[in-house]
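Could you put the whole structure together from the sequences, leaning on the hints where they help?
2 protein chains.
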Amino acid sequence: MNTRSLVAGRLGGGEKTFSVVDRRDGSALEGAFVVATREDVDAACRGALEAVSSLASASVRAKFLERIATELEADAELIVARYQAETALPEGRARGELGRTCGQLRMFARVAREGHWVDARIDHALPDRQPLPKPDLRSMRVAIGPVAVFGASNFPLAFSVAGGDTASALAAGCPVVTKVHPAHPGVSALVGAAIVRAAEAVGVHPGVFSMLFDQGIEVGEWLVDHPAIAGVGFTGSYRGGTALMRRAAARPVPIPVFAEMGSVNPSFLLPELLQSDPAGLAERLAGALTMGVGQFCTNPGVLVTVGEASVWAEEISQRLAGFVPTPMLTEGIAQAYSEGVERRNQMDGVNLVVDGPAHLFEVTAAQFVAEPDLHEEIFGPSAVWVRAQDLAEAEAVARAMGGQLTMSFHGTPTDLEAAKPVVQVAATKAGRVLFNQVPTGVEVCDSIVHGGPFPATSDGRSTSVGSGAIERWSRPVCWQNAPEALLPPELQDANPLALHRLVDGKRVV
Amino acid sequence: MNTRSLVAGRLGGGEKTFSVVDRRDGSALEGAFVVATREDVDAACRGALEAVSSLASASVRAKFLERIATELEADAELIVARYQAETALPEGRARGELGRTCGQLRMFARVAREGHWVDARIDHALPDRQPLPKPDLRSMRVAIGPVAVFGASNFPLAFSVAGGDTASALAAGCPVVTKVHPAHPGVSALVGAAIVRAAEAVGVHPGVFSMLFDQGIEVGEWLVDHPAIAGVGFTGSYRGGTALMRRAAARPVPIPVFAEMGSVNPSFLLPELLQSDPAGLAERLAGALTMGVGQFCTNPGVLVTVGEASVWAEEISQRLAGFVPTPMLTEGIAQAYSEGVERRNQMDGVNLVVDGPAHLFEVTAAQFVAEPDLHEEIFGPSAVWVRAQDLAEAEAVARAMGGQLTMSFHGTPTDLEAAKPVVQVAATKAGRVLFNQVPTGVEVCDSIVHGGPFPATSDGRSTSVGSGAIERWSRPVCWQNAPEALLPPELQDANPLALHRLVDGKRVV
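Protein sequence lines correspond, in order, to chains A and B. Going by my numbering, the residue at position 397 of the first sequence is 405; the numbering climbs one at a time, nothing skipped. Going by my numbering, the residue at position 195 of the second sequence is 203; the numbering climbs one at a time, nothing skipped.
Mixed in with the good hints there might be a few duds.
No copy is singled out in the list; a pair is fine if it fits within one copy or between any two copies.
[Unchecked claim] Listed next, the in silico DSSO-like pairs over lysine-lysine satisfying Cα-Cα at most 30 Å (straight line):
id : residue 1 : residue 2
1  : Lys142    : Lys428
2  : Lys514    : Lys142
3  : Lys142    : Lys71
4  : Lys428    : Lys71
5  : Lys514    : Lys24
6  : Lys142    : Lys24
7  : Lys24     : Lys71
8  : Lys428    : Lys24
Keep in mind that the hints were calculated from the coordinates and are not lab data. Since this is a predicted model, take the numbers as computed values, not measurements.
So this is what it looks like as structure tokens:
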């Protein structure tokens, strides 16, 4: 396992190192990872800029992405073993996440190869139009340039070095410079090596991928400041995400930041179902809340009951009290969780119903609406139970909240029909609205939206999961009166790539 | 003609007034326009938020937009007369721009009514999928909420109160609060009144449209800061656009800004055509440079000749020297133009070839590359002639430049083939790349891109002209496992709106 940064096909310099422990037992893990230098960052970014044309061909990009998946699978045993040690997450989760990561890479390979995502549009000339002739105009999406990707603490594979941001950026034609999350450098080193092997095998420019180690924030700051970088992908905390937003906006040339910063994913438990199946509801939500020790962006952190809910409360309290936790992802996350729970417990009028290992706080709807601190995420298996007396109170709760990745409704058909006004509010606040399902477990497909208005993300007009994620790394370019020979194949009349296109106002499939 | 702000169906308050003069002769024009108060701004924004649901129906939005066009046409004579007085632009331009404005409104009515722009996607459930069932997921674009629109100085109709930003925002379902450009308050008052009549006729909530007068920047700042505002559209100067970007990024909830800040639109004149048709090239470019006294975002402000160009230089110099100007749009623009020309003339090594009424400066490619001040726009009929000795120098010039709305190439087929490397650079720098046509005159259609990387715009991933402009005011929302009755019609299985959709990975038209 390599412990130096991967810098456009070379190994990084530097002398400062850091290491990590086995999260399951605290023992030392192999590897002194070398913090990247400013020169490494510069070389990585310059290399990325040089490599842009190397990703011009969609079929090359597709082959590269597929080869990355193959290379990851070849190292599956090494990766899964190190993953478990660095995260304390179980083997099933490691294998599942590796499978998902490879699946995402292959999905984006398909998206790139099919090519429809470029949104090709053609308006033919009308030379005889009065009062002015109409010119020939054609447009398509193109890559924005090199992208910086910040690995997430809670998805060492699916949202890190070869995760969704990297896969979608490469699929769009953007070289990627990743900043490794310091909690899982070993997994990252193995994944990074797989990507480098794939780049060599497919014969793309080595600058298409670089990977930088750091334990602090300096390398990430240099990266976002570098003039070659054209966009940023990030999954992590509100604090980290908004710091990147500010930094990117303050550049001489501001660049877009796609930061997924999590949310509390309010779940509304509606009266008829609360009465008819309190145990089932408790089981479903306790499971979602404690899965992976609650370390998901889509963790249901606010549970709004509408009407009488004492049986449900008893049922979920039993389950949460009986939860058997594993260590959290990092010591820092564990400490922030304890502090967050303690701070919330000190708040006036907040009733701690379940005090560990998972935590459930009880408040009235009026308290929740009046106290924005209660809307904030405590990353881990903690939820606020908000007691709404009726749907009007539930609607007030929904209206009081900021942007969310998800909002969920649990109810009978009668419940859901009655809750329509709250559902309509949810659709203005969330990226995804669910019915009788829990928000954890994000399907990777065309229709998924893993995004949502600020502060859930920096840019609610995007998704970081699913095929739509590729659009973030692109911008439209229009060609006017271009000779056929200078047009990209996507826009040539012969349509050699057999794309779905919008031609003279008609959708041609 | 009303001289108060239009605030969600009521007249604004305030006492401070301003008036404008007839730009053709300096005489006083009717109307003391009342500067909006902070209360007006607040009431307009609150009204807009209340009005969002009033624009939920696409057919209502379409009728509203069409009615605005009809009402504008009903007042055409009044509008055209006032337009000429406030701008000193000729009647033909006024009528042309009014026609374009109504055409844009009707195009966005069609876009809203057809509804394909929502990008509806459906992935049906696979309950038996292993290892996990696949949920039913459906997504579409929805309106982001109330939008602030800043009127442009140089397009009192097509980029102002009822211009492209307003039309596209209303088409998406976003209520609009406009800040009038102080150079044409009378035209704005007439246009605003037409929109209010249209809103009444169609029966939408009066908060769907407000219009605020101001001569300074305070009203605009209050508007961008207001928590109800979810996005900003702006056409104007780099200084104004970047001030809005900073302000929007500093809000507690940052919002997107779509600022079109202009560019110098480099035009490359290639060797064979420079020899075979120097007069034709000179005629075409002198016309584009002086049309509307050069007051277009797409004005060709940098002319790069490749190889020997003395005949062309003589031809264009004659034409520019013979240009008969009309007054510029405002006294401020005229003064900034004089100062800009004077400052450029003081620069070392810059040769003033044509000294009024239009201006042409001559520099070498090396000078241009080394001196970023030469890349800046002087709004008006001024251009920098850059003498490149060969295509390698031309490419260096292209690489040295920041983001542009357009880059153009003029050449024979042989010229264009040889210039391919420069064309490829242009496609990374510009929103639109043209061949043997001038960039002025922006066609309104599906394929147009009126945008480009910063600093041409705040967000190069968008266009402010054409049907694609509607996407700026939307974000995707995903519905998971929703009962059919709660789904918007766009996502129901029966497809009652007959939309083009992406269903289970297949494009269904």
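30 Å Cα cut-off: does Lys514 pair with Lys142 within a copy, between copies, both or neither? within (17 Å within a copy, 33 Å between copies)
Give the relationship of Lys142 and Lys428 under a CA distance limit of 30 Å: within one copy only, between copies only, both, or neither. Close across copies (25 Å), not inside one copy (47 Å); limit 30 Å.
Within, between, both or neither, where Lys514 and Lys24 count as close if Cα-Cα is 30 Å or less: Answer is neither: 59 Å inside a copy and 51 Å across each miss the 30 Å cutoff.
Since the copies are identical, ignore which copy is meant and state whether Lys428 and Lys71 lie within 30 Å (CA to CA) inside a copy, between copies, both or neither. Answer is between; shortest inter-copy Cα gap is 27 Å, intra-copy 46 Å.
Within, between, both or neither, where Lys142 and Lys24 count as close if Cα-Cα is 30 Å or less: neither (62 Å within a copy, 46 Å between copies)
Between copies, within a copy, both or neither: which fits Lys142 and Lys71 at Cα up to 30 Å? So Lys142 and Lys71 pass the 30 Å test across copies only (27 Å; inside, 40 Å).
Intra- versus inter-copy proximity for Lys71 and Lys24 (alpha-carbon distance at most 30 Å): neither (36 Å within a copy, 66 Å between copies)
I want to check one pair: Lys428 and Lys24. Are their C-alpha atoms no more than 30 Å apart within a copy, between two copies, both, or neither? neither (57 Å within a copy, 46 Å between copies)
Checked against the numbered hints above, the structure breaks hints 5, 6, 7 and 8 and satisfies the rest.
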